[in-house]
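Could you put the whole structure together from the sequences, leaning on the hints where they help?
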Amino acid sequence: MAKDKAPAIQVKSYPTHHVITQPNPLKKVLSRAEEKDLDDPVARAEAALAGLSGEFKSWMDTEAERLTKAYAAVLKTGFDDDACEEMFRAAHDIKGDAATFGYPAAAEVADSLCRIIEHAPDLDKVPAELFEHHVNAVQAIVHDHTRYHSPTVAAELSRRLRRVADDYLIQVNRNRPEHLEAILAPSLVPSDLP
Amino acid sequence: MYRIDFNKLRFLVCDDNPHMRRILRTLLHSFGAREVNEAEDGATALEMYTHFSPDIVITDWAMPIFDGLELAQMIRQPEAKGNPYAPIIMLTGHSEKRRVTVARDAGVTEFLAKPISAKGLYQRILNVVANPRPFIKTKTYFGPDRRRNTNTAYIGPERRVGGEAEIFQQPSLLDKARSAV
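Heads up: the protein sequence lines correspond to chains W and H, in order.
If you read the first sequence in the numbering used here, its first letter stands for residue 1, the second for the next number, and so on.
If you read the second sequence in the numbering used here, its first letter stands for residue 195, the second for the next number, and so on.
Hints listed in this document are in silico derivations from the structure and should not be mistaken for laboratory results.
The C-beta atom is built at its ideal place from N, Cα and C for all residues, glycine as well.
Check each hint, because a few of them may be wrong.
What the hints assert, rightly or not - Examples of chain H residues lying across from chain W (beta carbon under 7 angstroms, computed):
no., residue
1, Y196
2, N211
3, L221
4, K275
5, V296
6, L306
7, K308
8, I310
9, V323
10, I330
Said to hold, decoys possible - Here are the computed lysine to any residue pairs in the SDA-like style, where the Cα-Cα straight-line distance is at most 25 angstroms:
no., chain 1, residue 1, chain 2, residue 2
11, W, K69, W, S58
12, W, K28, H, R327
13, W, K27, H, R318
As structure tokens, then:
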């Protein structure tokens, strides 16, 4: 596809902007098919993803360990730029990946931790217990997956942590409306938790 | 009915997390894609973009060296040597509305919040293949038209000057395919 000759581009100019159109360069990949000939690529992909699921526990162990190490580095060096960025990145990856790997509660806890790092005006003034509880909760949910797989336990743990974190963030951002707005805004992603 | 011939599409996947790259590669290959190039940071992705000329870019936001947002901004350079029009799907753990707005303003074509699903990814790919939007160039923006719909009830300052003629839609291949059935 990519080596095909680029289609002609048309430009229509206006006082404030240009509108640029080109014939759809990806047109060739779209075709009509009889319903009987259609397969289901989404079902095929879901089956392939299910085939990977045997590796998810080990992947999640790696992600949780990375977060623990990042927090250990913070305890050692304080919240310098590198340590802070690595901790945020580790939490952010868990936030994005954990639900796919079957650990939605760990994703919720990691999301809460990301919000603290992103919105606390001074990370050195955040109570250490708040960080510790988040990091330990991710480890607990991942390592005791069977025990915590009961949605009620893991969900309640993540919910309580989120509530405590939000209360803290609302309090310390009371004079920072742009942060307050972001903290109170709903996520675009509906929670998987009951 | 319609289908996408994935084996004719060339993908560039950019994510610093090896597990997510594996998930994406698995999903794309299951859809039928053969050419899936991978990069673990924005700088490598930009180099690969120039070298491989992918049809569709799927990128994470938070990455080392430079991130997915900067990657999108660098691809969307109208005077650049490479193709500035390739669809960019941003796949990210950032799920706040303001992030979507920032990504949109960087020229991202579609936004997909993690956790990823096969259905969500397929729908975004289908949308960029079947419903390409015209590009808009202003003093401060170059990228796909950020107005997906014409809102007749809109009240507020008109940021574009030019009257009705500025609404300039490409026909949707998807609609054509549907109406032909």
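A quick look at each hint next to the structure:
Given hint, Y196/H at the interface with chain W, holds; its Cβ is 6 angstroms from that chain's nearest Cβ, closer than 7 angstroms. Hint status for N211/H relative to chain W: holds, with the closest Cβ pair at about 5 angstroms, below 7 angstroms. Given hint, L221/H at the interface with chain W, holds; its Cβ is 5 angstroms from that chain's nearest Cβ, closer than 7 angstroms. For K275/H, the shortest C-beta to C-beta distance to chain W is roughly 13 angstroms, which exceeds 7 angstroms, and the interface hint is violated.
Look at V296/H: its Cβ only gets to about 12 angstroms from chain W, farther than 7 angstroms, so that hint breaks. The beta carbon of L306/H is not positioned within 7 angstroms of any beta carbon in chain W (closest approach about 10 angstroms), and the interface hint is therefore violated. Taking 7 angstroms as the C-beta cut-off, the interface hint given for K308/H holds, the closest approach to chain W being about 3 angstroms. This hint holds: I310/H has a C-beta 6 angstroms from the nearest C-beta of chain W, less than the 7 angstroms allowed.
A cut of 7 angstroms between beta carbons decides the hint on V323/H: the least distance to chain W is about 5 angstroms, and the hint holds. Nearest Cβ of chain W to the Cβ of I330/H: about 6 angstroms, under the 7 angstroms cut. The hint holds. Straight-line distance between C-alpha atoms of K69/W and S58/W comes to about 16 angstroms, which keeps the hinted pair within the 25 angstroms bound. This hinted pair checks out: K28/W and R327/H have alpha carbons roughly 17 angstroms apart, not beyond 25 angstroms.
Between the alpha carbons of K27/W and R318/H the distance comes to roughly 16 angstroms, so the proposed pair stays at or under 25 angstroms and holds.
Of the numbered hints stated above, those contradicted by the structure are hints 4, 5, 6, listed in ascending order.
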